[in-house]
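Read top to bottom, the protein sequences are chains R and H.
With the working numbering, the residue at position 25 of the first sequence is 25, and numbering never jumps.
Adding 1000 to a residue's 1-based position in the second sequence gives its number in the working numbering.
Any given hint could be a false lead.
[What the hints assert, rightly or not] Examples of chain R residues lying across from chain H (beta carbon under 8 Å, computed):
hint, residue
1, 17
2, 20
3, 29
4, 33
5, 34
6, 37
7, 69
8, 70
9, 99
[As the list claims (entries may be wrong)] Covered stretches of chain H (in silico footprint by chain R; criterion: 3 or more residues with CB under 8 Å from a CB of chain R, positions within the stretch not fixed):
hint, stretch
10, 1022-1036
11, 1056-1064
These are calculated hints, taken from the structure and not from any lab test.
Since we're looking at a predicted model, the values are computed, not measured.
Even for Gly, the Cβ is constructed at its ideal location relative to N, Cα and C.
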Amino acid sequence: MRDPLAHPGPLMRRVYGYTAYRLGDGPEAEDAMSETFERAIRYRSTYDERLGEPAVWLIGIARRCVSEVLAQRAQSAGEPPDQAAPGNLEADAVARVTMQDAVARLSTRDQELIGLRYGGDLSARQIAQHLGVTTNAVEVGLHRALGRLRRIVTGSETEPAGAMVDKAL
Amino acid sequence: MARFWKREGEFSELERQLRAERPEPRVEIMEQVARRLRPKRSFLAFARMRFAIASSLTAVTLVVFAALGGVGQATTLTKQLVGISPAASTSAAPAKAKGTSGGSASQPSQGTQSSQNSGNTGSDGHTSKKEQSAQNQYGEKVTICHRPDGNPANAQTLRLSSSGAANHLRNHPLDTEGPCP
Chain R
1 MRDPLAHPGP LMRRVYGYTA YRLGDGPEAE DAMSETFERA IRYRSTYDER
51 LGEPAVWLIG IARRCVSEVL AQRAQSAGEP PDQAAPGNLE ADAVARVTMQ
101 DAVARLSTRD QELIGLRYGG DLSARQIAQH LGVTTNAVEV GLHRALGRLR
151 RIVTGSETEP AGAMVDKAL
Chain H
1001 MARFWKREGE FSELERQLRA ERPEPRVEIM EQVARRLRPK RSFLAFARMR
1051 FAIASSLTAV TLVVFAALGG VGQATTLTKQ LVGISPAAST SAAPAKAKGT
1101 SGGSASQPSQ GTQSSQNSGN TGSDGHTSKK EQSAQNQYGE KVTICHRPDG
1151 NPANAQTLRL SSSGAANHLR NHPLDTEGPC P
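Build the full structure now, drawing on both the sequences and the hints.
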């Protein structure tokens, strides 16, 4: 049986990309990634390569970890969430924070789609398998999410964060 | 539905930006996770090596064991060391007959020598267990009274194989079947 964690470097980047798009770049995303790999190590013997490549399997675990973090956030809503330190003020970092801020203003469903597609680097078909919908529904949802994201980035979006209703799916 | 993706350039810049600015994990975190992955792999390698060593040792042991006689020989030797049971003495008789380790208990295989120890044959005609074993192994013994040609008074009772007894009776006219009076 192939070891799903034989080449962890690229897998870690994809898992972290997803968790960071969902939770924000910082300690929470790092914890979620670490927890994902902890569980992957524990259950690596149950990995079945017929059901998908290792990244797809890991993203599935990461989705559960992210859901748990979000549930904890909801429970402790009074406390301010951990935010990533802004770090240096180089242009790349500023742009990254800006894009992440824009993603954070999307609805939960849009964040999920953006995180899976551009953070986890999954195909529309793989996302459809995760979400239990058709590939076309994923493509339409992503298209609309990108439209909303562009409006936020260009400043034409006036709705407050989290107020948008996802009509894609 | 595919037309959403066929519109070239509609979101390409945004998609490129999303991919390019994808958050990257810190190097320390990646090393930390990688360290946790490493022991498992080394454990698997160690387990494989351990299995290979165990297999090799087992194979070597089997080869040596087979070369030295296997289970039957080991059982026989063990029984000889621990204590000879009646069944074991029966099975061990051939080895003793060849090796003469039994001393006075052994009988000559060709029957050409007399049993100097008439104690093996009791005065009442009973034979010991070792003699029974030899008889079982080499056939029925025949008792004759051997009288040397030059000294007929020095008669000796011999227990020989049937062929040995026949030779005696043919070559020594004074020899008779049965024990000496």
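How the hints compare with the structure:
no.: 1; hint: 17; result: 4 Å, holds
no.: 2; hint: 20; result: 3 Å, holds
no.: 3; hint: 29; result: 7 Å, holds
no.: 4; hint: 33; result: 6 Å, holds
no.: 5; hint: 34; result: 6 Å, holds
no.: 6; hint: 37; result: 5 Å, holds
no.: 7; hint: 69; result: 15 Å, violated
no.: 8; hint: 70; result: 17 Å, violated
no.: 9; hint: 99; result: 5 Å, holds
no.: 10; hint: 1022-1036; result: holds (count 11)
no.: 11; hint: 1056-1064; result: violated (count 0)
Violated hints for the displayed structure, listed by number in ascending order: 7, 8, 11.
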